[in-house]
Amino acid sequence: MHIVVCIKQVPDSAQIRVHPVTNTIMRQGVPAIVNPYDLFALEEALRLKDRFGGRVTVLCMGPPQAEDSLRKCVSFGADDAILVTDRAFAGADTLATSYALASAIRQIGREQAVDLVFTGKQTVDGDTAQVGPGIAKRLGLQLLTYVSRIVELDMDAKKIVIERRAEGGVQVLRTAVPCLITMLENTNELRFASMPSMINAARVPIRRWNKDDAGIEDIEKIGLKGSPTVVSKVFGPTPRTEKAEMLAVEESSLRDVSLNLIQRLFTRHPGLEQQLLERSDA
Amino acid sequence: MNQATVKRPAGRGGRNLELPEHLKRYKGVWVFIEHDRGHVHQVSWELMGAARQLADTLGAEVAGVLMGGPDEPLETFAQEAFGYGADLCYVTRAPVLAGYRNEPFTRGLTELVNTYQPEIMLLGATTMGRDLAGSVATTLQTGLTADCTELNIDPTSRALAATRPTFGGSLLCTIMTLAYRPQMATVRPRVMPMPKKDATRSGRIIEGTLDLAESEIVTKLLDFIPDASSNKINLAYADIIVSGGKGMKKPENFELIWNLARVLGAEVGATRPVVQAGWVEAERQVGQTGKTVRPKLYIAAGISGAIQHRVGMEGADAIVAINSDPNAPIFDFAHYGIVGNAMTVLPALTEAFRAHLAARSAGGVVAA
Ligand SMILES: Cc1cc2nc3c(=O)[nH]c(=O)nc-3n(C[C@H](O)[C@H](O)[C@H](O)COP(=O)(O)OP(=O)(O)OC[C@H]3O[C@@H](n4cnc5c(N)ncnc54)[C@H](O)[C@@H]3O)c2cc1C
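Keeping their order, the protein sequence lines are chains A and B.
Just so you know, we're using the numbering used here here: the first sequence kicks off at 1 and counts up by one.
Just so you know, we're using the numbering used here here: the second sequence kicks off at 1 and counts up by one.
The set of hints was computed from the structure by calculation and includes no laboratory data.
Possibly wrong hints are sitting among the right ones.
DSS-like, lysine-lysine: derived pairs with alpha carbons at most 30 Å apart [unchecked claim]:
hint, chain 1, residue 1, chain 2, residue 2
1, A, LYS221, B, LYS24
2, B, LYS220, A, LYS159
3, A, LYS233, B, LYS27
4, A, LYS243, B, LYS296
5, B, LYS220, A, LYS158
6, A, LYS225, B, LYS27
7, A, LYS221, B, LYS27
8, B, LYS220, A, LYS49
9, B, LYS249, A, LYS243
10, B, LYS197, B, LYS246
11, B, LYS232, B, LYS197
12, A, LYS243, B, LYS246
13, B, LYS196, A, LYS243
14, A, LYS211, A, LYS221
15, A, LYS158, A, LYS49
16, B, LYS296, B, LYS250
17, B, LYS24, A, LYS225
18, B, LYS249, B, LYS27
19, A, LYS233, B, LYS24
From just these sequences and the hints, can you work out the full model?
Rendered as structure tokens:
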């Protein structure tokens, strides 16, 4: 079995700071990590490999430094790693990104047929959840998003049964392999890197593909040119003009403050009080 | 094309940012109406309100898109859609559209777009809406902006200006799709206010079907397991929420949050660090990476008011903040602030609410 896992290297958003005056992102010194959601996809792929044998290839589009993230994935047990990197990809939105990744997956498939493609649910820097569906569409693969569990995989019959998070419940779906799965978070626990994998990660050559290696056919469809969306403005949140009515505790008892609040609140929002009263009548 | 005469927004790379002639025909604002097992997801009506405003600015019509199986009450949903502002509804029925699946819905929606050519299409940022939007936008090769918090029409280009948080909510960015149609966007539940319903409004229904046989569809829906109602936490649609942050200090102190919530019939919310510490379930997280809420009353205790939390709750009608630090950022956007120790303020407030409500429902007037 051959599984491709798409990952993205992202800035560790917990450490991003915005310059308070200029409203620009202060990226300096912010460490890069594997998009946390992608690690659930990687772990699920590795579990399938443990059960069925085969190979896991990790694929990443990004700048040359993204190699570190691919090595990280190899240290957890991925067998092969490909970095699609080319200046021509710069400025890609989700449509252009899915085109580039789909081309690369097709190219990978020419070396060894691909049975499953995994992505994370979304990235933490873009938050769009659009690239997985985009890749599936371009490759003509069945799309399974927000998958919480792989119930059954039959590689002889080429069938897979999964559970997928839906509004108000879980859908159980059966489809054909190959297909594309976007994995929901907190569905598995990432393994520790094993010693042999860590050694492998240090040594393994990360393959670098430029746009030609990745089999890009139409350069109008990649990078900025292939991106229909245009970022027209970046700005900071507007402060509210009206300040909070402050009720200080020091000058009065807690009971007085509470009664004062309730009185102001219900005078301003009589509907709220009505609703609460109707509830307690019931 | 004469580039010098074209007014361009920020953008590099010499790409075409002008709408080609054949796409100028695309007119109208569409809302994909999400429904499942007999219920329309409320986000669709919230979007209908936003669509109405956009369409009024453009002088265009609002259309609802309803797709479903032969037995589903799509006409009833259409009537509701008219009440919330739709001028017309496209109702597509086919056996393969009973229960959401990506393939038939992508096919159906794509065909509808190609036939009737809307300029804007809005979908809820739900597991259904995001699944569908990504597939449809790729098929149509157009721009899609996820999780928008504000939708406007850019006065110069008359394009959809879709604003969304970026970099973990620290900044906002406005995104436009200038040279492609339709312009697609998803919006999370509760981000847009619920429009008022006008039951006297009516509209046109345009019926259609989808020429796709079950045998042609690879993915089969085997089962739907509804979430147990006992553990269903409906934070997004709660009218009153009492939330606690790291300032509650210990998981045991969260009991004070629960006590107030019980008196008010409220849901309990929390900040991300509280969820990460395991004090409450992940479904209770409010904010950028949690739920967006829009309650009538939001009480925040021991919450600093970080931007990632704020974006999830600032749509509340009334925000009460309890924080020991008078300079906490939450006081910049709360309506009522109590500077004090949550561990003593919360019990006092709980008791005051309880007494007030008891006295009022006994018909009496409460003495201050
Ligand atoms: C990418 C990203 C996404 C994020 N997403 C979210 C999200 O969805 N939701 C979210 O909430 N956060 C999110 N965060 C985290 C966010 O940045 C803040 O760290 C978090 O909201 C702070 O939580 P807090 O207010 O509980 O804790 P703190 O910031 O630690 O605040 C505690 C507050 O309690 C007050 N306090 C202390 N003792 C008392 C007392 N005895 N009585 C009263 N007040 C007291 C303090 O004055 C302080 O203001 C995200 C961060 C990132 C980087």
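Checked hints:
no. : hint                : in the structure
1   : A:LYS221 / B:LYS24  : holds, 22 Å
2   : B:LYS220 / A:LYS159 : holds, 11 Å
3   : A:LYS233 / B:LYS27  : holds, 25 Å
4   : A:LYS243 / B:LYS296 : holds, 18 Å
5   : B:LYS220 / A:LYS158 : holds, 14 Å
6   : A:LYS225 / B:LYS27  : holds, 25 Å
7   : A:LYS221 / B:LYS27  : holds, 26 Å
8   : B:LYS220 / A:LYS49  : holds, 25 Å
9   : B:LYS249 / A:LYS243 : holds, 27 Å
10  : B:LYS197 / B:LYS246 : violated, 40 Å
11  : B:LYS232 / B:LYS197 : holds, 27 Å
12  : A:LYS243 / B:LYS246 : holds, 24 Å
13  : B:LYS196 / A:LYS243 : holds, 28 Å
14  : A:LYS211 / A:LYS221 : holds, 11 Å
15  : A:LYS158 / A:LYS49  : holds, 15 Å
16  : B:LYS296 / B:LYS250 : holds, 28 Å
17  : B:LYS24 / A:LYS225  : holds, 21 Å
18  : B:LYS249 / B:LYS27  : violated, 54 Å
19  : A:LYS233 / B:LYS24  : holds, 24 Å
Of the hints listed earlier, those the structure fails to meet are numbers 10 and 18, in rising order.
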